[in-house]
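Listed in order, the protein sequences are those of chains A and B. My numbering numbers the first residue of the first sequence as 1 and each following residue consecutively. My numbering numbers the first residue of the second sequence as 1 and each following residue consecutively.
In case anyone wonders, no lab produced these hints; they're calculated from the structure. Any given hint could turn out to be false.
Partial chain B-side listing against chain A, Cβ under 7 angstroms, derived [claimed, not checked]:
{"hint": "1", "residue": "Asp14"}
{"hint": "2", "residue": "Ala16"}
{"hint": "3", "residue": "Ile20"}
{"hint": "4", "residue": "Arg49"}
{"hint": "5", "residue": "Phe53"}
{"hint": "6", "residue": "Lys73"}
{"hint": "7", "residue": "Phe124"}
{"hint": "8", "residue": "Thr129"}
{"hint": "9", "residue": "Leu130"}
For each residue, glycine too, the CB sits at the ideal point set by N, CA and C.
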Amino acid sequence: MKRLTFLLALLWMFFPAVVTHATCTAEAAEHPIHAASEDDYPPYCIVNERGEADGFSVELLRASLKAMGHKVDFRIGPWDQVKKMLATGEVQVLPLVGRTPEREPFYDFTFPYLTMHGTIVVREDETGIRSLDDLVGKEVAVLRGDNAEEFLRRIKLPATIVTTKTFEDALRELADGRHDAVVIQRLVALQLIKKAGLTNLRMIEEPLKDFEQSFCFAVREGDKRLLEVLNEGLSLVIANGTYRSLHAKWFGPIEAGQVRRARIVVGGDHDMPPYEFLDENGEPTGYNVELTRAIARQLGLDVSFRLGPWERVRTALKNGDIDLVQSMFYSPERDEEFEFSPAHAAVNYAVVVRADTPMPRNLSELTGKTILVMEGDIMHDVARELGYGDRLLTAPTQEETLRRLAAGEGDCALTAKIPALYWIDKHGWDNLRVSDHAVRSPEMAYAAPNGQYRIIALFSEGLANLKATGEYRTLYAKWMGAYESAEADFHDVLKRFLWILLPVLLVLAGTLLWSYTLRQTVRRRTLELRREIAERRQREEEIHAKNLELDEKNAELERFTYTVSHDLKSPLVTLKTFLGFLESDLNAGDADQVKKDLGYMHGAADKMHGLLSDLLELSRVGRVEENPETLTFTELAETARDLVLGAIDQERAEVRIIPSGLTLRGNRARLLELWQNLIDNAVKYRHPERTPKIAIGVETTAEGPIFFVADNGRGIDPRYQEKIFGLFNQLDPTAPGSGLGLALVKRIVELYKGRIWVESAGDGSGSRFRFTLPEVFNRQGEDEK
Amino acid sequence: MNGEPIVILLAEDDPAHAEIVRRNLQNSRIANRLMHVRDGQEALDYLYRRGRFADPNESPRPGLFLLDLRMPKVDGLEVLRTVKGDKDLIRIPVVVLTTSAAETDMARAYDNHANSYLVKPVDFGKFVTLMETLGYYWLVWNRKPYAD
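Bound conformation, chain A alone:
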C-alpha cells in the first residue's frame, strides 16, 4: 500500500507537472491559498509566540505550496472549527488530517507524508492496562473527532469513550484522576505531557499497531486540481531534502530530549551478510547498518556500532554495554525479555545438508539428526523447543556451523538462507545443499532490554518515517535486490515504469478492444452478407427454375398458336375453297362433283369440330385439380376400358387387365382420360391383319411403379417415337382423330410429375406405352388425415 502511494507520488511528480505547473504559477501569486491549522497538535500544528500557525505540518504545507509557486495563509482554530472551515469553503486545505475510511467521503487526501503509531497513556500507578484489550469496560478520553476516536469506534471497543476539546484537556483530566486512559498519537503525547508538566502519566510499552495514523494534507472532496498541486509539491520537498530538514527541526529535539544525549551504541552480528557484517577494513556495513545510520541521521542521533559474535552481542545488550540491537528476531519468548520495534526485514531460514543426504521437507523430519545451530540464534531456541536439544551442536557464527557441516560434522544446519548461499559460494563448499523452502521466516527488528521502550519508540518512529519517505525501500532494494527472486526484480522494474506502462497499456487495451469490436462487427457483417448471398442465390435459382418453366410454357404457347394458325386454318381453307368449287359445279350442273365437294366440306367441318373440342380438353389439363380421390389401379383400368368399349367391340379387340392392388390418389376424370386415350390409340392403330390384343398393367421397379399399355398393332417407327407426343402430330392423316390424344396423355403424365415413352420395333411389331406417375403415390398420406 505504501509502495503504491510512493509510486503515485512519482506519478504526480512527473506526469501532471508539465501541464499544471505553467498554468498554476501565474495566477498563484495574486491568489494565496487559504489553509486552516489546529492550535494545539504539537509538533505538527501549533501557534508560536507571535500568534502564527507553526509546526511540522504547517511548515511542510507552506514549503510544498511554495515549491509549486503558491503562497498560503493560515487560519487557526480547534479541530472541529478547522474542519468546518474546510467544509464551508472558507479555506481550501488542511495541513494535518489523518487518513481514515470514515473521512474518505468528505476529503481528498494527498499521499501520506508521515505514518505514526498511536499509544495508550495511563497514570503512572496503573497496572491493569497493558494493551488495547485491557481497555474493555474502562473510560477512555480522546480528542473529539480525532483519528483516535474514529479508531475506537471503528473497532467497536466496548469502553466508555469521553471526548474532550483538546488532547491537552484529555491528558490533564487523566492526570487529575479522571478517566482511565487516553488514546493518542505517541509523539503528540510526549510533547503534551512535557509541555503540561504532567509527571504522573506514562505510555504503555507496546505501540498500538492497529492505530496507525497516516497524516496527509486534505482538500475538499472533488478539488482535484489543488490535490494535484499538493501532491506534486509534497513530492518535490521530499525529493529536495526540505522534508528531512523540517522533520529533524521539529522532531529531533523532542526525541533527543527523551534519551541520553550521549552516543547510542548499536549492536549486531559481525558475520551475517548482507544484513550486517564487517567489511575488508573491519568497518561495519550491510543493510541493517545503513538502516540504523539513516534513522540516526533523520532523528539527529549519534550512533556507533559494535558487531561481534551473536551470543556475545546478546550478553552485552543484557549488561547494558550496548543500547540496542539492530537485528533481533522477534519471538514471543524473547518479547518477555526485550523491547521490540516493528520488523524491518523478514529473514528466511533454510535447512542445509550435505549433498549425499536427503533434504528434509520440514523441521519435524529432523528427528534423530544431529543439528548445527548458532549459539543463541533464533534457531537455537526453535530447535530446543522442538525437543532436539540433546542433539544440537552450536557454533559462535552461522558461518562456522556451515564450515563444520561441510567438514562432515553433524547431519544438517539451520541458518539464514541468504547468508548461507553467500558463504557456500565464498568458500566453495560444493558438498552443501540449501533447501529451496524456508523452514522459518522470523522478523528482524530493533530490540532493547525490557524497560528501554523510549529508545525503541525512537527507532520505531525513525523506521516509520523512512518508510513514509521511501528511503527504507531504496535501502532494502540496494542490499536485498540482488538476492530477491527474479519475480521481485521484475515487480520492481514494473512498478518503477508503471507510470509509463500504464498509459501505454491503457492505449493498447483500448486498441485491442476497438480492434476486437471491429473484428466482431466485420464477422457479423460477413455472416449477414453470406446469408444474404445465399438467399439471393436461392432466389436466383428459383427464378431460373421459373424461367425454365416459363420457357417451356412459352414454347408450348408458341406450338399452340402455331397449331391454331396452321391446323385450324387448314379446314377453313378447305371449306371456303370447296364452297367456291361447289358454286361453279352447281352452275355447271355437275351433280357428282357437287357431291364430292360437299363430302370434303363435311370432312373439314368435322375436323374443325374435333380440333376445337380437343383444344378445349387440353386447356383443362394443368389447371388446378379438384377433388383428389383414392382409386385402385384395377378399377381405374376397367372403367377406362369400358369408356372405349364401342371401339373395342367394333374392332373385336381383346383387352386384358393385369390386376394389381396398387392404389393411386389423383383426379379421377383426368386419370381415366389418360388410360382411355392410350387404350383408344391401341385399338385405333391396330394391325390390319391381326386381332387387336391389348394388355394393361403395372410393373414394380426400383424407381417405383411403371404403368404400361401394350398392343400388337402397327407399331411406331423409332424415328417418330418422340414426335408422336407433340400437338397435332398424327402419323397417319387418314386415321380418325385430331393428333391431340398423345399430347393430352403426355400432359396428364407430366401433371403427376411423371414421364411417358413408347417402345416399339417399328412397322407391324406392336407398341408398348410406358409411363410413371410419382405424384399419385406421394399424395397417399393425405387420405388418412
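For this one, chain A is given, so just place chain B on it according to the hints.
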C-alpha cells in the same frame, strides 16, 4: 404448249387441300403431271426413288415442288433441308405452300433456301388466282433447271 407435260410434285397431308391444288391446276391450261405424296417421308422416297417410287418412270424429276410444312412423320422443313443439301436435288424449285403465316416458319423456310413461300388464302377467288399465277410463273416463265 409443246413437249412433255411438266411434272409437279405435291407434298400435302390434307387430302382436301391436295384436291384443291389438283383441281386448280386442271383448270389451268398448262399441261402438267401432278404427283401427290401425303407426307415428308413419301416425298423423300419419291425424290430418292425408293419403295414404290423405285421405277424412274414413276418418279420423274419435278419441274416444281409444292411443299406443305406441317406433315406427319417427316415435316416439310426437314424435306426442304434435305433437298437443298443434296447437289442432285438442289436445283429443284421448291415453293412452300402452307396455311401458316407464322414468321418463324417463313424465316426457317427461306433460311433453308426455299425458292418461294406462299400462304394458302382462305378466300376462294384468291386461291384460284394464286394457283393460276403460280402456274404461269413457274411453269411458263420460269426457266427449268433440267434439260431433260
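Right, here's what the structure says about each hint:
1. Asp14: holds, 6 angstroms
2. Ala16: Check passed: Cβ of alanine 16 of chain B comes within 4 angstroms of chain A, closer than 7 angstroms.
3. Ile20: holds, 5 angstroms
4. Arg49: With a closest approach of 20 angstroms, the arginine 49 of chain B hint is violated.
5. Phe53: violated, 18 angstroms
6. Lys73: The hint holds - lysine 73 of chain B has a Cβ within 7 angstroms of chain A, the shortest such distance being about 6 angstroms.
7. Phe124: holds, 3 angstroms
8. Thr129: violated, 11 angstroms
9. Leu130: violated, 11 angstroms
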